[in-house]
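J.: Chains as they are written, first to last, in this note's numbering: chain E, 22 to 319; chain Z, 22 to 319.
I should point out that these hints are in silico values taken from the structure, not numbers from a laboratory. On a predicted model such as this, the values are computed, not experimentally measured, just so you know. Be a bit skeptical, because a hint or two may be false.
Identical chains share a label here; the pair holds if one copy fits it or two copies do between them.
As the list claims (entries may be wrong) - Think about it this way: if two alpha-carbon atoms lie no more than 25 Å apart in a straight line, the pair counts; the simulated DSS-like pairs of lysine-lysine are:
#	residue 1	residue 2
1	Lys35	Lys189
2	Lys132	Lys178
3	Lys235	Lys302
4	Lys35	Lys302
5	Lys235	Lys27
6	Lys178	Lys189
7	Lys132	Lys102
8	Lys178	Lys235
9	Lys236	Lys189
Protein chains: 2
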Amino acid sequence: MYQVDKLYEAVAAKGPVCVGLDTAVEYLPPGERRRAASDAEAVLAFNRAIIDATADICACFKIQIACYEELGLAGLAAYAKTLACLRERGALVIADIKRGDIADTALRYAKAHFTGDFEADFVTLSPYMGMDSIEPWLSYADSRGKGAFVLMRTSNKGMRDFEYQELKAGGRLYDVVGDRLTELAAGRLGNYGYGAFGAVVGCTEPEEAALIRKKRGNLFFLIPGYGAQGGAAADAALLLREGNGGVVNASRSILRAWAANGITAEKDAADNRFAAEAARKAALEMRDAIRIAAGLRT
Amino acid sequence: MYQVDKLYEAVAAKGPVCVGLDTAVEYLPPGERRRAASDAEAVLAFNRAIIDATADICACFKIQIACYEELGLAGLAAYAKTLACLRERGALVIADIKRGDIADTALRYAKAHFTGDFEADFVTLSPYMGMDSIEPWLSYADSRGKGAFVLMRTSNKGMRDFEYQELKAGGRLYDVVGDRLTELAAGRLGNYGYGAFGAVVGCTEPEEAALIRKKRGNLFFLIPGYGAQGGAAADAALLLREGNGGVVNASRSILRAWAANGITAEKDAADNRFAAEAARKAALEMRDAIRIAAGLRT
Numbered sequence: 022m023y024q025v026d027k028l029y030e031a032v033a034a035k036g037p038v039c040v041g042l043d044t045a046v047e048y049l050p051p052g053e054r055r056r057a058a059s060d061a062e063a064v065l066a067f068n069r070a071i072i073d074a075t076a077d078i079c080a081c082f083k084i085q086i087a088c089y090e091e092l093g094l095a096g097l098a099a100y101a102k103t104l105a106c107l108r109e110r111g112a113l114v115i116a117d118i119k120r121g122d123i124a125d126t127a128l129r130y131a132k133a134h135f136t137g138d139f140e141a142d143f144v145t146l147s148p149y150m151g152m153d154s155i156e157p158w159l160s161y162a163d164s165r166g167k168g169a170f171v172l173m174r175t176s177n178k179g180m181r182d183f184e185y186q187e188l189k190a191g192g193r194l195y196d197v198v199g200d201r202l203t204e205l206a207a208g209r210l211g212n213y214g215y216g217a218f219g220a221v222v223g224c225t226e227p228e229e230a231a232l233i234r235k236k237r238g239n240l241f242f243l244i245p246g247y248g249a250q251g252g253a254a255a256d257a258a259l260l261l262r263e264g265n266g267g268v269v270n271a272s273r274s275i276l277r278a279w280a281a282n283g284i285t286a287e288k289d290a291a292d293n294r295f296a297a298e299a300a301r302k303a304a305l306e307m308r309d310a311i312r313i314a315a316g317l318r319t
Numbered sequence: 022m023y024q025v026d027k028l029y030e031a032v033a034a035k036g037p038v039c040v041g042l043d044t045a046v047e048y049l050p051p052g053e054r055r056r057a058a059s060d061a062e063a064v065l066a067f068n069r070a071i072i073d074a075t076a077d078i079c080a081c082f083k084i085q086i087a088c089y090e091e092l093g094l095a096g097l098a099a100y101a102k103t104l105a106c107l108r109e110r111g112a113l114v115i116a117d118i119k120r121g122d123i124a125d126t127a128l129r130y131a132k133a134h135f136t137g138d139f140e141a142d143f144v145t146l147s148p149y150m151g152m153d154s155i156e157p158w159l160s161y162a163d164s165r166g167k168g169a170f171v172l173m174r175t176s177n178k179g180m181r182d183f184e185y186q187e188l189k190a191g192g193r194l195y196d197v198v199g200d201r202l203t204e205l206a207a208g209r210l211g212n213y214g215y216g217a218f219g220a221v222v223g224c225t226e227p228e229e230a231a232l233i234r235k236k237r238g239n240l241f242f243l244i245p246g247y248g249a250q251g252g253a254a255a256d257a258a259l260l261l262r263e264g265n266g267g268v269v270n271a272s273r274s275i276l277r278a279w280a281a282n283g284i285t286a287e288k289d290a291a292d293n294r295f296a297a298e299a300a301r302k303a304a305l306e307m308r309d310a311i312r313i314a315a316g317l318r319t
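Next up, chain E with everything else stripped away, as it sits in the complex (with noise of 0.2 Å):
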């Protein structure tokens, strides 16, 4: 069974929410950091804390590696204990680590992150090198089910850049690794009719979404752009069929929601199970939102 399939379930289950474990040291309520015997230790007991108190409304988590390398070894150890953590609560969990590698360097990855310390059921993956970094980490497909989202068409105001360049033979940049991972999907296909590998696609360009997501039928989406970027939940649920096929992420306003309202003399009073509580509303409010936005009951 393919983790694309786990997802699913758990989206059916408990809605489409990814929360973005992408947890900043400034993100934590500063009382919290400053009573910890170091960041990476006030960035693990934030992150257990948020993790229980949402673990049953959201359908997985994602890690950004790059607060926890930010913060050195004593960072990624924190990441790899927030990994444990989720395992121990059987939590779904998405390593947004994009890596881009090809042949015995994408493989030695693929070790890296969906084994040992750093095991994750996903990653991010970006194409630019071409399939043959994409491909070698399907061995890890065939062999314990897990998948990745590669980089398709990002939320960030960059993707003009290269991703939107239009090709002679037609389409867009994006349009063509879509199709690539169309096929990729195709020859590993789930019980949903899910690729074990599929695709990162935002929600903030609201005109090309019913089209992309009719277009790549037997792809599950990563959707970044929600909240802080932009994008709504109308927007979010064009990229989903029937409130599944895709999880939506949001990280700083589900993590930050301690700050949001009105907190600001008390600030410094907010502690991590106060945080968790803002968080769980957050994650609660996004969740229904978007559900009826696609048209189911909340």
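Starting from the known structure of chain E, arrange chain Z on it as the hints suggest.
T.: Below, chain Z without anything else, positioned relative to chain E:
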């Protein structure tokens, strides 16, 4: 002063070889691996021997992080210690991390790889998401002279999948990436006419090489594809200008030189000292072959 200026001076003084510390455990003399307390320790000891044996005859080192990530946290500790060893010896190092993420995330990666445990002089970057995945790194060019090599036209087979796509407006995708990198370099030009940020251009397509070198006058090149991937000294020389303006990477052919010359029965006896001598010999031969092909005296 930009690190690219130091790199230019290193090439002038010591030749264009970049020794790739893509130190997979299976590259080590088996006896050394067996004797070491752990694979990560074995890799570190081997790296120290290779660095000591080649630092005076190579321009710089490249360190492929995947080989260390593969060993988990212990591997990344060996990665950090290898970088520390290179800094102690005053050697220039390119962290081959091929990161490509945007905005805040890019800044976190830049902090991770230009300061602290994982500090390097240069990194490799992937441009798929657009220039907002490259530009944040420039703040470290301004504050600390750091540099980057952005994937432009690589040396793997899969480069034809996307990098080679012909564009409606003319040229190929890698040309547009090259155009943007040329602009970037023009804004941060070092003392020898090369920008702080350069490009990765493989030496596997000699028919294009002279044109690329001519068109990208202000880009310093990191040149993969030599040896194991089929590039010859003459091909690499086409991407240089009077033997400078780029560094030519070789990994396996240098690290595994100990195994190359008929060592079979004695394989187990080969130790790090033997491997280091063989690596030095291989690097010297490569340096001289490229210098001759570039029309210089060795």
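J.: State for each hint whether it applies.
T.: Consistency of the hints with the structure:
1. Lys35 x Lys189: Intra 43 Å, inter 44 Å, cutoff 25 Å: neither.
2. Lys132 x Lys178: Answer is between; shortest inter-copy Cα gap is 22 Å, intra-copy 32 Å.
3. Lys235 x Lys302: Answer is neither: 32 Å inside a copy and 58 Å across each miss the 25 Å cutoff.
4. Lys35 x Lys302: Answer is within; shortest intra-copy Cα gap is 14 Å, inter-copy 61 Å.
5. Lys235 x Lys27: within (22 Å within a copy, 52 Å between copies)
6. Lys178 x Lys189: For Lys178 and Lys189, the Cα distance is within 25 Å both inside one copy (23 Å) and across copies (21 Å).
7. Lys132 x Lys102: For Lys132 and Lys102, both the intra-copy (18 Å) and inter-copy (22 Å) Cα distances are at most 25 Å.
8. Lys178 x Lys235: Classified as within; 24 Å inside a copy, 31 Å across copies.
9. Lys236 x Lys189: both (20 Å within a copy, 22 Å between copies)
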